[in-house]
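Novice: Modelling step: build the complete structure from the supplied sequences, incorporating the hints.
Note that the protein sequences, when read in sequence, are chains A and Z. Residue numbers for the first sequence follow the numbering used here, beginning at 1 and rising by one. Residue numbers for the second sequence follow the numbering used here, beginning at 1 and rising by one.
Hints were generated in silico from the structure; no laboratory data involved. Please note that a few of the clues may not be correct.
[Stated by the list, open to error] Covered stretches of chain A, going by a simulated chain Z footprint (3 or more residues, C-beta under 8 angstroms): (1) 113-123; (2) 200-212; (3) 226-240.
Ideal Cβ positions, reconstructed from N, Cα and C, are used throughout, including at glycine.
Spelled out, the chains give:
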Amino acid sequence: MTFLLARRRSPWASAIVVLLALLAVGGIYALASGSMKAQATTKSASTTEIAKGRQLFLEGCSSCHGFHAEGGYQPDGSVAGPPLIGVGPAAVDFQVGTGRMPLAHPGAQAVRKEPTYSDEEIADLSAYIGSLAPGPAVPGPEAYDTSGVTPEELALGGELFRANCASCHNFAGKGGALSDGKNAPAIEATPRQMYEAMITGPQNMPVFPDTTLRTEDKQKIIAYVEAIKAEPNNGGIDTGRLGPVTECLLFWTLGLGLLISVAVWIGVKVR
Amino acid sequence: MTIQPHTPNDLPVHRPRRSDTDPRAAKRAERQVALLFLGSGLASAAFIVFYVATPLDDTIDIPGFGAVNASNLLLGVTMGFALFMIGAAAIHWAKKLMPDVEIVHQRSLHASDDEAKSALLEEYRRGVDESGVKRRPLILGSMVAALGLAGLPAIVLLRDLGPLPGTALKQTMWAKGTPILIAETMQKIRPADLEVGTLVSGVPEGIDLVMEEAGDTNELAKSAVLLIRMDPGEIVADQTPAGSASWTYQGIMCYSKICTHVGCPLGLYEQHTHHMLCPCHQSTFDLSDAGNVVFGPAARSLPQLAITVDDDGYLVAANEDGFGQPVGPSYWERP
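Specialist: Right, dumping it as structure tokens:
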């Protein structure tokens with residue numbers, strides 16, 4: 001206490017007091033508003049949701065996708081944002097929920113990042129896009145619930161994964177390259193996002209509708225992906241599980257580098 | 001060619017090491033070597049301790065590296081240290097304390113001298129004479145015949161590469177009316193099941209029975225197909241011959257899944273560019289443009305299977321001869 005008393009007339013004192021006061025006010029506000037947000041969890045595509053979604057869309061999306069989600073074009077005629085009429089709420093929930101939209105910068109394809117919008121805002125946006133034209137709906141929790149998948153079905157999920165997904169996403173779901181800088185990303189998605197990706201075909205991924213890959217088949221695939229993600233990896237660094245090329249590259253550079261430095265040490269003449 | 005011998009004068013000036021001139025430095029190097037040997041001994045002892053003490057299922061989390069099996073890591077590191085430090089001590093010993101004198105060792109010519117060469121030649125001629133093959137041509141002749149025949153069994157074994165495939169490379173299971181099933185789940189497909197942008201791996205109905213009977217997957221390796229649906233407006237061309245009914249059904253196209261390069265199963269499909277990539281060598285086929293090769297080593301377009309719907313509305317193959325051409329990679333009679 002004497003430490004503070006002795007310095008209360010220092011030229012810095014007033015500045016520090018103001019800073020502390022600001023931090024306290026800001027912190028209390030953040031806590032209060034956070035708890036307020038947590039209380040507001042209602043769910044149904046009401047007209048207010050659609051209206052809020054439209055407002056969010058106009059602010060955040062319309063510059064590329066057009067004021068009525070009809071799609072937008074660059075001055076040179078190339079597509080700035082594709083039309084979103086009929087893509088369905090599931091596509092919005094996937095693209096915005098995985099942070100791919102809004103796009104950070106134009107490029108070969110959108111990349112996964114921290115979502116910009118809150119869950120509630122994403123629901124509003126989905127409701128708005130869903131109100132424009134029918135499209136795949138956001139699947140309910142029962143659609144991607146994998147708790148009932150038996151070990152036998154898990155094995156079948158593996159067969160389905162290798163038949164439909166592994167050619168692009170790699171047999172361990174670690175992703176792979178496509179043409180012109182595009183790639184199939186490593187599967188970091190939640191079960192719900194995996195389901196949405198399969199029914200909407202984000203970016204250049206083909207569509208796997210429920211008519212060709214039934215809901216129970218998708219559950220098996222999701223269960224399999226979750227299982228291989230949970231697989232213990234006691235070998236340490238897995239070099240992307242991309243196979244011998246990455247491992248060879250690693251040991252070629254690291255291992256041979258080490259051997260060369262030892263050889264150099266042996267050859268150096270001492271003084 | 002003569003080899004210019006090195007003389008000691010060619011060598012750089014000899015500089016004595018600090019351990020040669022300063023006894024304290026030499027003593028220090030001696031301690032360093034001993035310390036390295038001691039460290040190796042300690043690592044060996046640690047190996048035994050860890051071998052006894054580490055539970056097999058324990059893992060250690062190394063930042064940036066992930067979870068590693070504790071027993072593997074500790075045993076590997078201790079044994080590695082034990083061996084590495086013996087080597088390091090030996091090198092350090094040699095560099096700091098063992099005699100440090102430059103030695104010139106002249107390289108010698110490797111060719112034999114003329115005397116040795118003529119002696120060998122003489123030896124060979126005497127051997128030929130003593131064997132008597134010049135006087136007894138029957139032995140020489142029968143020996144050459146026996147050696148020649150001994151090579152024949154190896155050639156006869158080549159028959160195991162057969163039998164010749166006959167027409168197997170040219171035909172698949174697909175015939176007029178064969179339903180297309182979804183691979184693995186074996187469901188029949190209606191056109192309405194396929195949205196624009198859908199990709200389905202397909203097989204002919206009855207493939208499971210054929211594979212079971214044959215005991216191999218040869219038929220699957222020929223008749224696997226890819227079914228895709230695209231906006232009919234985006235289709236530039238398909239492989240329908242002039243004057244024939246369209247091979248494409250309402251924007252649904254069916255192509256062989258087998259790459260025409262070396263026969264890998266295709267499957268990397270880009271919905272919007274309609275490019276189908278091969279995972280092996282990146283051959284790229286444009287499925288909206290008659291399956292033509294747009295990139296990579298494949299030499300031929302991807303064969304298209306003519307499809308239509310049967311009376312029950314399911315997708316089936318339309319032509320009696322299936323693809324009408326061999327699928328998959330080139331072979332001797334089909335460059």
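Novice: Next, verify each hint and record whether it holds.
Specialist: Now the hints, each set against the structure:
Proximity of the region 113-123 of chain A to chain Z, defined as three or more residues with a beta carbon under 8 angstroms from a beta carbon of that chain, is not established by the 0 residues found. Counting residues of the region 200-212 of chain A whose beta carbon lies closer than 8 angstroms to any beta carbon of chain Z gives 10, which meets the minimum of three for the stated coverage. Counting residues of the region 226-240 of chain A whose C-beta sits closer than 8 angstroms to any C-beta of chain Z gives 7, which meets the bar of three, so the coverage hint holds.
When the structure is compared with the earlier hints, a violation turns up for hint 1 alone.
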